[in-house]
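Take the sequences, apply the hints, and build the full model.
Chains P and Z, in that order, are what the protein sequence lines are. Residues in the first sequence are numbered from 1 upward in steps of one, following the working numbering. Residues in the second sequence are numbered from 1001 upward in steps of one, following the working numbering.
It should be emphasised that the hints constitute simulated quantities derived from the structure, not laboratory data. A virtual CB, placed ideally from N, CA and C, is assigned to each residue, including glycine. Check the hints yourself; a few may be wrong.
Claimed, not checked - Which chain Z residues face chain P? A few, computed with CB under 7 Å, are given here:
| hint | residue |
| --- | --- |
| 1 | ILE1052 |
| 2 | THR1072 |
| 3 | THR1074 |
| 4 | TYR1077 |
| 5 | ALA1079 |
| 6 | GLY1099 |
| 7 | TRP1124 |
| 8 | GLU1126 |
To be verified - Below, a list of computed lysine to any residue pairs in the SDA-like style, where the Cα atoms sit at most 25 Å apart:
| hint | chain 1 | residue 1 | chain 2 | residue 2 |
| --- | --- | --- | --- | --- |
| 9 | Z | LYS1021 | P | PHE126 |
| 10 | Z | LYS1067 | P | GLY124 |
| 11 | Z | LYS1078 | P | GLY124 |
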Amino acid sequence: MSDRGIAIIGYYETKIELKSGRSVYDLAGEAMAGAIAHAGIGKSEIDGFAVSSCFSDAGNPFYAPVLASYLGLELDWCQVTDLGGASASGNVARAAAAIRARMCDTVLVLAADAQSSENKGAIGAFRSEFQYPMGIMGPPGCFGLLSRRYDHQYGLDAKALGKLAVTQRNHALMNDKACEKLHRRLTIEDYLASPMISDPIRMLDCVMVCDGASALVVTSTTRAQELGARKRVHPIGYGERINHLETEQCPDITAIGHSVAGARALKAAGLTPTQIQSFHPYDDFLIAIVLQLEQLGFCEIGRGCRFVMEHDLSYRGDLPLNTGGGQISAGQAGLAGGAHNLVEAVRQLFGEAGARQVNRRDNAMVTGIGWIPYGRNWASSTVLILEAAQ
Amino acid sequence: MSTLDPLAGQRPAPVPCNFTKPFWDAARECKLLLQYDPDARKYQFYPRPISIFSGRRNLEWRETSGKGMVYTYTVSYKAPPPFKGVSPFIVVIVELSEGVRVMTNLINCPPDQVKIGMPVRLAWVEAGELNFPVFEPD
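Okay, structure coming up:
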């Protein structure tokens, strides 16, 4: 990737809506039409397709080719990726690999879900056996366990989490794609007063599940030039870690896979964290941002809350963070939510973020998180570093 | 002392699979079994179809001491369906002396009394037709 041989040449994001009543296929159609129009290419250029799995059509074992059929795509390469919120960033890397392997030339990377309107997901496995009988409140409960341990080891500053909530909300208020229901101003006091769901997780720590879709057009830089692409963003580093510390039965629950994935991505990109110009971390819960700041190397372990308090994370700040609002303030489009922060990073590097445009837009870091294993933090960690073409 | 278990009477039955049957059969007799890999000399939990240490299918079932300590906890104010109207309850991750962790409830403990590091012992509650392992202060 670091040779800048792969390029993102177009993107699109639908409006994020609560209970839109729309089919996941309809959302995907809007995302595809928008992305190819934005890239300025015809549909026939698309010969590869990488889609994130979704809750809305989760019972369908043939989801990717069925969706491709709805979209009228004839393909030479097609896959579904089921890394949850890590699928979208993971699919940029998979698209790059498929193009490198000459399996196809131009890939539509797409993520769509209408989880708040239709949810056919049934995760089963150990959950039916060892989790559901003890009533844990799903992801907020699991992040409650994680946050409590973090607090025990390092101290958790609720005001820092509140500052993250407010920073992201201010960004969402500038994003017309963000969910209307979340379109109201927040203060740190609002955060602190929001009700406990699974102590110390408050309601305003959590994402709200919505509907939405995003798409990106990924091709070789050579093909991008032949197509006369007006702008390009290059993926220049990627790292992925699945089931970090799986064979340790008593690991530090606060140790996340991004430590490994981040080191790999940064090494490939030839960058250090201090050189990252904007940061778009996966945010299902605010504590996840703190852990990523630490374990990607933006600050020392245990200093994440202090880092948040000491830095301006707004779009005008020294490390702009989730400038689209993040999922917590823009809404989580089900399993497609992982594409929200990715598209925002690309939008910023294209210089198309409007009123919330960051000043420094040479590069950006995007991360993904997917699925919660038994008694741990999360199973899938991805880190993608993007660079604007000069 | 009456049992303090805000989820009592509402727990859905666990759904066992073929290789976890010994675990649930033992649970009927209030015995907590763990899988043990005699080559790695390590326990593992939750039950797997294979040793996560060696990739071999050399696993034995062994009964635990039932003694452990709270690694972390959360006090939950809501529970997903089928639970209805529960008062605050405690979810813990217990670290057993055998070197594995079990995620379950802490019962017989007021929510403001739980602490990381507190010693706990095995207890059992009903979940549908089966017994489900939980812990209580030791």
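Now for the hints, and whether the structure bears them out:
{"no.": "1", "hint": "ILE1052", "result": "5 Å, holds"}
{"no.": "2", "hint": "THR1072", "result": "4 Å, holds"}
{"no.": "3", "hint": "THR1074", "result": "3 Å, holds"}
{"no.": "4", "hint": "TYR1077", "result": "6 Å, holds"}
{"no.": "5", "hint": "ALA1079", "result": "4 Å, holds"}
{"no.": "6", "hint": "GLY1099", "result": "6 Å, holds"}
{"no.": "7", "hint": "TRP1124", "result": "12 Å, violated"}
{"no.": "8", "hint": "GLU1126", "result": "10 Å, violated"}
{"no.": "9", "hint": "LYS1021/Z with PHE126/P", "result": "13 Å, holds"}
{"no.": "10", "hint": "LYS1067/Z with GLY124/P", "result": "29 Å, violated"}
{"no.": "11", "hint": "LYS1078/Z with GLY124/P", "result": "21 Å, holds"}
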